[in-house]
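> Sequence:
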Amino acid sequence: MEKLFNELGLKENLIEGLIKQGIESPTEIQEKAIPIGLAGLDIIGESETGTGKTLAYLLPIFQKIDVTSKDIQAIILAPTHELAMQIHKQIELLSANSGSNVKSTSIIGNVNIKRQLESLKEKPHIVVGSAGRILELITMKKLKSHFVKTIVIDEGDRMIDEDNIEGVKSIIKTTLRDRQIMIFSATISLKVVEIAKTLMKDPEIIKVGDKSVVNPNIEHIYFVVEQRDKLTLLRKLISATNPEKAIIFINKSDEVEITTSKLSYHGLKVEGIHGSSDKENRKKALEDFNEGKIQLLVASDLAARGLDIAGVTHIFNLDIPENSKDYLHRVGRTARMGRRGLALSIAVERELDLIKSYEKDFNIEILQMDIARGMISPHREMPQFEKRRAKKEK
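Position one of the sequence shown corresponds to residue 5 (our numbering), numbered consecutively onward.
A hint or two may mislead.
Unchecked claim - Mimicking EDC-like on lysine to aspartate or glutamate, the simulated pairs with C-alpha atoms at most 20 Å apart in a straight line are: (1) Lys273 - Glu291; (2) Lys177 - Asp75; (3) Lys24 - Asp312; (4) Lys249 - Asp292; (5) Lys256 - Asp282; (6) Lys360 - Asp374; (7) Lys125 - Asp75; (8) Lys7 - Glu20; (9) Lys234 - Asp206; (10) Lys256 - Asp305; (11) Lys145 - Glu126; (12) Lys24 - Glu295; (13) Lys74 - Glu126; (14) Lys205 - Asp182; (15) Lys364 - Glu223; (16) Lys360 - Asp330; (17) Lys288 - Asp305; (18) Lys211 - Glu35; (19) Lys93 - Glu261; (20) Lys234 - Glu259; (21) Lys283 - Glu259; (22) Lys93 - Glu223; (23) Lys273 - Glu248; (24) Lys148 - Asp70; (25) Lys234 - Asp357; (26) Lys329 - Asp312; (27) Lys201 - Glu223; (28) Lys118 - Glu140; (29) Lys240 - Asp258; (30) Lys364 - Asp330; (31) Lys7 - Glu28; (32) Lys240 - Glu20; (33) Lys211 - Glu198; (34) Lys107 - Glu126; (35) Lys360 - Glu326; (36) Lys234 - Glu326; (37) Lys195 - Asp206; (38) Lys273 - Glu261; (39) Lys118 - Glu284.
Please keep in mind that the hints were generated in silico from the structure rather than gathered at the bench.
Treat the numbers as computed from the prediction; the structure is a model and nothing was measured.
Produce the complete structure using the sequences and hints provided.
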């Protein structure tokens, strides 16, 4: 039997704030992590994308923040600009809805540092952002971290890799000795757990669900086509399914803009994001997509990592991901909060082995379909004589 938020030890104003957001009962990761977070213990939490990890760590932080203090009391580290902004907006929303008066600012790289210095003068209680820029400001003595009681490392599998670990360690060293550290991610390898344990005090390890399980509310289908016809087929499928909100995944970042402009040329409401997108353009694309101003978002796996966008109805794999984990991450962006979703993959003949591997790895069925006259229907094998005739006609 599922618990209610008031059974987890949360204050009434926070519960009321959640209700205003339409959230009435905790997810499994929230149910397990919130009491441990409130007790001040260190946490390593693994739970799929879209299961409410952000609130699992924000709610204990909110409850423990002293709003009368002008000191920074929590630092939340995130690997991407988008994820940092997403967390910052959730803090602002929860603060307003609960009347908590908790202040936050985002501190990220490749952004005007003067504006960030100005925002620090507003005396935020929580700082969210990238390890590099936060460490830079701590070193400059512009960001005072010696009263920080809680550090959160979001997307821990990416933040505790060899590219980021030194920055993370350096930030932790500047904070209180008895600080609390919480690490959350959709997937946490044993190697990451071992590294994380060297930074923490006897962390509680929480694993929710089987990370290899695909949401049963997603229907999976695929189409086989020549490489040169992929984009034409994609346009036909968009027309046939008329998605309310769809993400189109491609494998190579440098092809995002090409694909976006080709779809836009045909009158579709589409924008694209990739790893090296200009920050302002990326922000605008995501806001337009969230607000329903555009129907389609073209993205690479790197750019979409950590994004939590509500109401995505369809996922199109214009390129087939080369490993099963990426397929899981992609399709996991639809069918959120009990809704249904459709994942459509457009494959060439040589990619069919990948489709078969997803079926095997996740114990799912991915049905081959055809499209004709704007209608999608199950694929029908051509009898031998028809195959021969089609070959001759070619």
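> Taking only the CA atoms, is the gap from Lys256 to Asp305 under or equal to 20 Å?
9 Å, holds
> Sort out whether Glu140 lies within 20 Å of Lys118, counting only the CA atoms.
Holds. Lys118 to Glu140 sits at ~13 Å (cutoff 20 Å).
> Can the restraint linking Lys148 and Asp70 be considered satisfied, given a maximum Cα separation of 20 Å?
Answer holds: Lys148 to Asp70 is near 16 Å, not above 20 Å.
> Given the proposed pairing of Lys234 with Asp357, does the C-alpha separation stay at or below 20 Å?
It holds: about 18 Å lies between the C-alpha atoms, which stays within 20 Å.
> Take the C-alpha atoms of Lys360 and Asp330, compute the straight-line distance between them, and say whether it is at most 20 Å.
15 Å, holds
> Holds or violated: Lys329 with Asp312, Cα cutoff 20 Å?
Roughly 17 Å between the alpha carbons, so the hint for Lys329 and Asp312 holds.
> Are the Cα atoms of Lys118 and Glu284 separated by 20 Å or less?
17 Å, holds
> Take a quick look at whether Lys240 and Glu20 sit within 20 Å of each other, Cα to Cα.
45 Å, violated
> Given the hint that Lys364 pairs with Glu223, does the C-alpha gap stay at or below 20 Å?
Holds: Lys364 and Glu223 sit about 16 Å apart, inside 20 Å.
> Between Lys145 and Glu126, does the CA-CA distance stay at or below 20 Å?
OK: Lys145 and Glu126 at ~16 Å, within 20 Å.
> Within 20 Å, alpha carbon to alpha carbon, are Lys240 and Asp258?
At roughly 24 Å apart (the allowed maximum being 20 Å), Asp258 and Lys240 break the hint.
> Straight-line Cα separation of Lys283 and Glu259 no greater than 20 Å?
18 Å, holds
This entry does not satisfy hints 9, 19, 22, 27, 29 and 32, going by the numbered hints stated previously.
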